[in-house]
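> Below are the chains, spelled out letter by letter.
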Amino acid sequence: MTETPEKKVGIISCSGEECVEGTISRVAARLVLGKLRPNDTVTICLPLFLAGGREEREFARDYPTITVDGCDKICAKVATERHSGKPASSIVVTDLIKGWQCPKLSSRRKLNNETLTVTRKVADKIAEEVDEVLRHWV
Amino acid sequence: MKLGVPSQKVIIIPCSGIGKAFGSISRDATYEVTENLRKETTQTLCLALLVSGDEESLRLVRDNKVITVDGCPLQCAEKNVKLAGGDLASSLRVVDAYKENRHLKPRGVTFLDHDGQQMALALAGKIADKVDDLLREQ
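Quick mapping for you: the protein sequence lines, in order, are chains A and B. Numbered per this note's numbering, the first sequence spans residues 1 to 138. Numbered per this note's numbering, the second sequence spans residues 1001 to 1138.
Okay, chain A solo, but in the shape it has when bound (with noise of 0.2 Å):
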């Protein structure tokens, strides 16, 4: 985890290996990483945390988490309430594109383009609510 100066959020995505909608999950959060919202935000290894990661759980307790799962079993979601506290926002992506006109989604391991659009848009909600968390940070 990178150090935490200031107003950060954690992004806190399911490892998801078992299915496209964890890939979804982890490129999504990686886009909203590394492009779309780098100064804002920072992540955290979910096993790492789960596993008893103190500087990931102590992050968790004292920074605004956005949790980003795959599939309804939402491992983020629960680990982070479990461990840190509640989250400000959860994604579910089984939930979300529930709603889009999505194409067949790709295998888990190479996403199409049709499923990097998909992506994308996740990614774009992802960063909504990074900035929606800090409009409310008090």
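Fair warning: there could be bad hints in the mix.
Distance condition first, Cα-Cα at most 20 Å in a straight line; then the derived SDA-like pairs of lysine to any residue [what the hints assert, rightly or not]:
{"hint": "1", "chain 1": "A", "residue 1": "Lys-104", "chain 2": "A", "residue 2": "Glu-114"}
{"hint": "2", "chain 1": "A", "residue 1": "Lys-35", "chain 2": "B", "residue 2": "Asp-1132"}
{"hint": "3", "chain 1": "A", "residue 1": "Lys-121", "chain 2": "A", "residue 2": "Ile-97"}
{"hint": "4", "chain 1": "A", "residue 1": "Lys-110", "chain 2": "B", "residue 2": "His-1114"}
{"hint": "5", "chain 1": "A", "residue 1": "Lys-110", "chain 2": "B", "residue 2": "Asp-1115"}
{"hint": "6", "chain 1": "B", "residue 1": "Lys-1020", "chain 2": "A", "residue 2": "Ala-51"}
{"hint": "7", "chain 1": "B", "residue 1": "Lys-1020", "chain 2": "A", "residue 2": "Asp-40"}
{"hint": "8", "chain 1": "A", "residue 1": "Lys-110", "chain 2": "B", "residue 2": "Leu-1112"}
From the derived model, a few chain B residues whose C-beta atoms are all more than 10 Å from chain A [unchecked claim]:
{"hint": "9", "residue": "Gln-1008"}
{"hint": "10", "residue": "Arg-1107"}
{"hint": "11", "residue": "His-1114"}
{"hint": "12", "residue": "Gln-1138"}
Note that these hints are calculated values from the structure, not bench results. The beta-carbon is built from N, C-alpha and C at its ideal position, and this holds for glycine as well.
Since the structure of chain A is provided, determine the placement of chain B on it from the hints.
Frame of chain A; chain B shown alone:
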């Protein structure tokens, strides 16, 4: 996730790290084995789901041989399989693949670049060899 996995299956669990190239390499190597090289005899599962205490995931790692593939020295995958009481048969590290392939300089994180993909293939070969060894022992 598949139910009723035959006892001969080997479970491959990558570390899930999303902050560095080595985490992406561990995941891609796992996919190469479970989707191509040893499709019939292996499967993966979400590390975060396992660590969350999901009963089916716990059963899978306790009833089958497990190979972990870690991207960083914190070795979350190995530690968490041990904590879950899993049948850990082998632990591989991306850094070892790096030491054997120093000409490769993987940089991409969100999407693996050419060198990252090559390293993932090299690592996948090693995982597949381990799988064969384990199945022979059984």
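> Hint by hint, say whether it matches the structure.
Against the structure, the hints:
Between Lys-104 (chain A) and Glu-114 (chain A), the direct Cα distance comes to roughly 8 Å. Compliance with the 20 Å bound is thereby established for this hinted pair. Between Lys-35 (chain A) and Asp-1132 (chain B) the CA atoms are separated by roughly 42 Å; this puts the pair beyond 20 Å, and the hint is violated. Of the supplied pair hints, the one linking Lys-121 (chain A) and Ile-97 (chain A) holds, its CA atoms being roughly 9 Å apart against a limit of 20 Å. For the suggested pair Lys-110 (chain A) and His-1114 (chain B), the alpha carbons sit about 14 Å apart, so the restraint of at most 20 Å is met.
With a C-alpha separation of about 16 Å, the suggested pairing of Lys-110 (chain A) with Asp-1115 (chain B) holds against the 20 Å cut-off. Restraint check for Lys-1020 (chain B) and Ala-51 (chain A): satisfied, since their Cα atoms lie roughly 19 Å apart, inside the 20 Å limit. With a CA separation close to 19 Å, the supplied pair Lys-1020 (chain B) and Asp-40 (chain A) stays within the 20 Å bound. Straight-line distance between C-alpha atoms of Lys-110 (chain A) and Leu-1112 (chain B) comes to about 10 Å, which keeps the hinted pair within the 20 Å bound.
Listed as outside the interface, Gln-1008 (chain B) is consistent with that label: its C-beta sits roughly 20 Å from the nearest C-beta of chain A, beyond the 10 Å cut-off. The non-interface label for Arg-1107 (chain B) is consistent with chain A: the shortest C-beta to C-beta separation is roughly 12 Å, beyond 10 Å. Listed as a non-interface residue, His-1114 (chain B) keeps its Cβ farther than 10 Å from every Cβ of chain A; the least gap is roughly 14 Å. No beta-carbon of chain A comes within 10 Å of the beta-carbon of Gln-1138 (chain B); the shortest separation is about 24 Å.
When the structure is compared with the earlier hints, a violation turns up for hint 2 alone.
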